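Using the sequences provided together with the hints, build the complete structure.
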Amino acid sequence: MKKRNTAILIFDDVEVLDFAGPFEVFSVTNELSDYSLLNVYTVAREKAPITARNGLSVNPDYSIDQAPQPDIVIVPGGSGTRPILRQQDLLAWIARSAEKADKVLSVCTGALLLAKVGLLDGLKSTTHNSAFELLAEMAPNTEIMRDARFVDNGKVITSAGISAGIDMSLYVIEMLYGKEVAQNTAEYMEYRRI
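Each position in the sequence shown, counted from 1, maps to that position plus 1 in our numbering.
The hints are simulated quantities; they were obtained by calculation from the structure and are not laboratory data. All values derive from a computational prediction rather than experimental measurement. Just to be clear, a hint being listed does not mean it is correct.
To be verified - Once the Cα atoms are required to be at most 27 Å apart in a straight line, the calculated DSS-like pairs of lysine-lysine come out as:
hint, residue 1, residue 2
1, LYS101, LYS156
2, LYS125, LYS156
3, LYS3, LYS156
4, LYS125, LYS48
5, LYS117, LYS156
6, LYS180, LYS125
7, LYS125, LYS101
Laid out in structure tokens, this is it:
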């Protein structure tokens with residue numbers, strides 16, 4: 002079985018748990034499976050440290066120009082998504098990566114970036130509760146599910162804010178590898194699934 006490339010976008014002012022939660026889920030799943038299922042890596046605009054929310058410095062594995070083509074793309078949120086709405090190179094990377102990926106996931110206001118590149122048009126989605134109105138404005142043809150923890154459209158899956166990304170990630174692991182694998186990951190993380 003081919004390992005699934007799993008790219009997690011990071012950027013200045015990214016919400017820490019938005020990217021770290023899914024990173025932990027996918028990485029732990031891979032670890033518990035003898036590193037045979039996934040190739041999990043972070044991607045940033047440049048291969049230079051980014052400063053996540055509240056000052057956490059993080060070193061990306063790749064720049065957008067060097068990153069392998071992902072099978073799974075994870076776009077987190079945070080206040081750092083707002084400047085990206087004007088960064089054509091990052092938006093182009095999201096669109097280009099999503100086109101060839103099997104799954105495109107967003108956490109929190111990462112949904113705004115998916116909306117900006119047209120990936121939510123005609124779909125259902127969710128985001129952080131503070132960004133429902135902005136998402137509705139940016140994606141007028143998207144049905145916003147305000148009470149959903151995450152919303153599965155098949156290829157595109159969006160989650161609500163911050164910790165909801167962990168629930169979505171465990172859901173995707175179960176979908177791809179089965180209930181037992183997802184349960185083992187959750188138990189290792191001592192995480193109670195919703």
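Tested hints:
| no. | hint | in the structure |
| --- | --- | --- |
| 1 | LYS101 with LYS156 | 11 Å, holds |
| 2 | LYS125 with LYS156 | 12 Å, holds |
| 3 | LYS3 with LYS156 | 19 Å, holds |
| 4 | LYS125 with LYS48 | 34 Å, violated |
| 5 | LYS117 with LYS156 | 17 Å, holds |
| 6 | LYS180 with LYS125 | 25 Å, holds |
| 7 | LYS125 with LYS101 | 21 Å, holds |
In summary, the structure is inconsistent with hint 4 from the numbered list given earlier, while agreeing with all the others.
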